[in-house]
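Student: The lines below spell out each chain.
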Amino acid sequence: MPHAASHTTEEHHEPTGFWSRYIFSQDHKVIAIQYTITALVVGFVGLFLSWLMRLQLGFPGEFNFINPNNYLQFMTQHGMIMVVYLLTAILLGGFGNYLIPLMIGTRDMAFPFLNMLSYWIYLVSVILLLAAFFVPGGPTGAGWTLYPPQSVLPNASPGADWGIRLLILSLAVFVASGTMGGLNYVTTVLQLRTRGMTLMRMPLSVWGIFIASILALLAFPALFVGGVMLLLDSLFGTSFFIPVVNVLGQQLGREGGNPILFQHLFWYFGHPEVYIVILPAMGIVSDLLSTHARKPIFGYKAMVISIAAIAAIGFIVWAHHMFVSGMNPYFGFWFAIATVIIAIPSAVKTYNWLLTLWKGNLHLNTPMLFALGFVSTFIIGGLTGLFLGNVIADVPLHDTYFVTGHFHLVMGVSAIFGIFGGLYHWFPKAVGRMYSEALGKLHFWVTFVGSYLIFFPMFGEGFLGLPRRYFSFKGIESFSPIIHDLNVFITIVALAVGAAQLLFVFNLIWGAWKGRKAEANPWRATTLEWQTPTTPPPHGNWGAQLPVVHRWPYDYSLPDAPQDYIPQTTSQRS
Amino acid sequence: MSAQTFTEANGSHPELPATKLALWLFLAVATMLFAMLLSAYLVRLGFSEEHALPKPNLLWFNTLLLVFSSLALERASRGTARRAPALWLVGGALAVLFLIGQLFAWSELAQAGYFLATNPASSFFYLLTALHGMHLLGGLVAWTRTASCVIQEGRGESRGEAVRFAPASSTRVKLELCAFYWHFLLAVWVVILILVWMTT
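Sequence lines, in order, name chains A and B.
Heads up, the first sequence is in the working numbering, so the first residue is 3 and it goes up one at a time.
Heads up, the second sequence is in the working numbering, so the first residue is 2 and it goes up one at a time.
Calculated from the structure, these hints are not laboratory results.
These figures come from a predicted structure and were not determined experimentally.
Among the clues, some could well be false.
[Claimed, not checked] Label pairs and their in silico Cβ distance ranges:
no., chain 1, residue 1, chain 2, residue 2, range
1, A, Gln574, B, Gly80, 20 to 26 Å
2, A, Pro138, B, Met135, 27 to 33 Å
3, A, Pro70, B, Glu51, 47 to 53 Å
4, A, Ile318, B, His184, 47 to 53 Å
[As the list claims (entries may be wrong)] Computed list of chain A residues with no C-beta within reach of chain B, every gap over 12 Å:
no., residue
5, Thr147
6, Val177
7, Val188
8, Ser215
9, Ser241
10, Pro331
11, Ser438
[Stated by the list, open to error] Stretches of chain B that chain A covers, calculated by requiring three or more beta carbons in the stretch to come under 8 Å of a beta carbon on chain A:
no., stretch
12, 39-46
13, 53-64
14, 87-97
Backbone N, C-alpha and C define an ideal beta-carbon position, used for all residues, glycine too.
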C-alpha cells in the first residue's frame, strides 16, 4: 500500500556544497528557516522601536533624543515592520514553507526555484525597509497607513521625501515576493497532496495557510496599485491622491486628487491583511490544541467553512477602518453590518476551540500554553472589535488608545502567540533537539501576563478619551491624572516583556546547540510531518517512499485504540 | 532535484500541469491589479473637471499588432511542430512592435503637451499603459525561453521525427500557456482602450 512510485537516483540529488545547501537552497525547509530567522530579526527591530515609543510615553521629556518627528517615525516603522515584515512573512514564508509540503506529504513545493527567489526578494525588501533609517530625512512618519496628503507632501510629515519612496519600493518588492510565495503555496496544496490526502483530511494549519495565501494573492495588488500611485504623487507631481493644497499661501500645482481613494485602496488590502495574519495562526492553534489536549478537533468541517467564510467576508468589510474618514455615512451602515456578520464564523471557531478543550487531557507544555493564550487574547481582542465595528461607538473611540489596545490584542499578540506556539511545537522536528521547557514556560507567563498588563489598561485610557499617535499629552490638563500613572506602568511592563523575548531567543539557540536530542514524534502527534523516517527530515523529506494517508489528522484518544493517537499513515484496520 | 520528479512521483493530478494552475492564479492576481487601477481611474475622474486626452490613431494600429501577435502565438500552439517556430517568432516580433508603438503613442501625447502630471486622464493613461507594457515584457521573457524549445523541436520535425507536439508534452504546454497569457493581456488592453475612449 505504500506509494508505488519507485524512486531512482534523482531523488538523492541533494546538493552537497555549503552554498547550495544552506544559502541558496531550494529545499522548502531551509527556505522556511531563512524566512523565520529574517522575520524574527526584523521583528526585534520593531520591538525596539516600541520600547522607544513607550519610553517617551511613560517618561515624557526624560529622553531628549526622542522628538515629535522621530516618535512618529518609530510608530510608523513599528507598525509596518510588525504587520508586514514580521507577521505576514513568518506565517506564510516561514510556517507555510515548512508545514505545507510536510503536512500534505510531498517532497517540496511545486516550484522550488521560485520559492528560493521569493525568499531572496523578501530579503531585498527588508534591506530597502531598513535602509530608510539611513537616508536624509529618515524613514516616513506618516503612520503605517501612509495616508496622503501628509505622507508625500514636502515637510508635511517626517521622511516625506526619501523615506516614503523607499518604503513604497520596499512594499512593491515585498508584494512581488509574496506573490511568488503565494502561487507556490496554493499550487502545492492543490496539486501535490500525497495519495489519500483529500482536502478534507488536511490539518487545519494547512487550511489556514492555504486560504491566507489566496487572500494575499488577491489583496496585495490593491496595496501595490495604491503604492505606485502614491509614489508617482511623490516623485512626479501627479494628483492621484493630492487635492488642491495651499502651503503658506502658495498653491501647489495639484488639483482634484482624493485622499479617501487611497484609504479605500489601502484598506482593501489592509483588512484582508488582518486575516492573512490571523488565519494561519488560527490553523496552527487548532492543531496545537487538539494535539496537546489529546482530543479530536471539535467541528472540523465547521472550522474549514469558517476559515473560508472569514476570508470571503473579509473582502467586504474594509471601510470599517474609515468610519471617521468623512466618507458617505450610508457606506458606514453597510460596512458595520458586514463587520458584525464576520463575528459569526469567528465565534464558531472560538466555541470549537473551547469544546475541543472540554474534558480534554490537557498537557500544559509551552506550545499548549501559547495556544491557550491565543484563544484568550483573541476573545478579548475580538469582543472589543464589536464595539469598534459599530459606527456610533467607533466615532468617539476611533482615534483613542481603545483601538491601540484592540488591534494589538486581536491581531498582534494573538498572532504572535500562534507563532510562538508553532515555533516551540515544531522546533524539535526542525532541528532535532528539544528546547528548555522551563525557560519556555517562563517566557510564556511573562509574555502572557505582560501583554494583558500592557494592552488592557489601554481600553480604559481609550474610554477616558486619550488620543493615540500623540507624542506628548503635556498641556492637555483635562485628562484624569491616572493616565500618567497608567502610562508609566505600561512602559515598565513593556520594557520587561520586551526583555523577556531574549529568553525565547536564548532558548532556541541553546536548544539547537545543546538541547536534548528530540524523538521523531515527541508530542505523539498524528500528522504526517511527525512520521518522517528521519528527524530533522532530509531534502526530499520522505526517503524512498511517500507516505499514504488513511485518515483525518485528529484521531486522538479513540476508545479501542492501543495508543491515544493514530497517525494519518495508519490504515483503517489497525 | 527538479519539481518534475516530485510531481511525477506523487502522481496526484497529472491532467492539470502545476504550471497551468499557477498561471491561472497569476492571472487572477493581474486581474485584481488592473481592476483596482481601473476602478480608481473611474472614481478619480469624478473629482476633476479637466480630463481631456488626445487619442493618437496609432493606438488602433497598435491594437491590431497585438491582435495578430496573439493570433500567431495561438496558431503556433495548435499547429505542427514544423510551422510553430516561424509563427512563434512572428508573434513575438509583433509584440515587440506593439511595445515600440506604445512608446511612439507616448511621444505623440507628450508632443501634444500631455505629460504624466497634466491631468488625471493623462496620469492614468501613462500608468495603465506602462503597467500593461511591463506585463507584456515579462511575457516576452517567457516567450524567449519557450522559443528555444520550439526551435529545437522544429528541427526534430524537419528530420521527420514528429508531426505534432504531443498534446501533453512540456513544449506544448509552454506554448499554450504563453499564448493564453497573450490573450489575457490583449483583453486587458482592449478594456483599457475602451474605458479611456469612453471617458476622455
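Student: It remains to establish, for every hint, whether it holds in the given structure.
Tutor: Hint-by-hint comparison with the structure:
Between A/Gln574 and B/Gly80 the beta carbons are some 51 Å apart, a value that contradicts the proposed interval 20 to 26 Å. Our hint of 27 to 33 Å for A/Pro138 and B/Met135 holds, since their Cβ atoms are close to 29 Å apart. In this structure the supplied range 47 to 53 Å is violated for A/Pro70 paired with B/Glu51, their Cβ-Cβ distance being about 38 Å. Between A/Ile318 and B/His184 the Cβ separation comes to about 30 Å, which falls outside the hinted range of 47 to 53 Å.
A/Thr147, annotated as away from the interface, keeps every beta carbon of chain B farther than 12 Å; the closest lies near 17 Å. Here A/Val177 does not stay apart from chain B, with its beta-carbon only about 9 Å from theirs, under the 12 Å limit. With 12 Å as the threshold on Cβ separation, the claim that A/Val188 sits away from chain B is violated: the shortest Cβ distance comes to roughly 6 Å. With a closest Cβ-Cβ approach of about 9 Å to chain B, A/Ser215 is found to fall inside the 12 Å limit, against its non-interface label.
Taking the minimum C-beta to C-beta distance to chain B, about 7 Å, the non-interface status of A/Ser241 is violated against the 12 Å cut. For A/Pro331, the requirement that its beta carbon stay farther than 12 Å from each beta carbon of chain B is met, with the minimum near 18 Å. Its beta-carbon lying about 36 Å from the closest one in chain B, A/Ser438 satisfies the requirement of being farther than 12 Å from that chain. Given as covered by chain A, the stretch 39-46 of chain B passes the check, having 3 residues with a CB less than 8 Å from a CB of that chain where 3 are the minimum.
Interface restraint, the stretch 53-64 of chain B with chain A: violated (0 residues with C-beta to C-beta distance below 8 Å; minimum three). Requiring three or more residues with a Cβ within less than 8 Å of a Cβ of chain A, the coverage given for the stretch 87-97 of chain B is violated, as only 0 such residues are present.
In the structure shown, a violation is registered for the earlier hints numbered 1, 3, 4, 6, 7, 8, 9, 13, 14, in ascending order.
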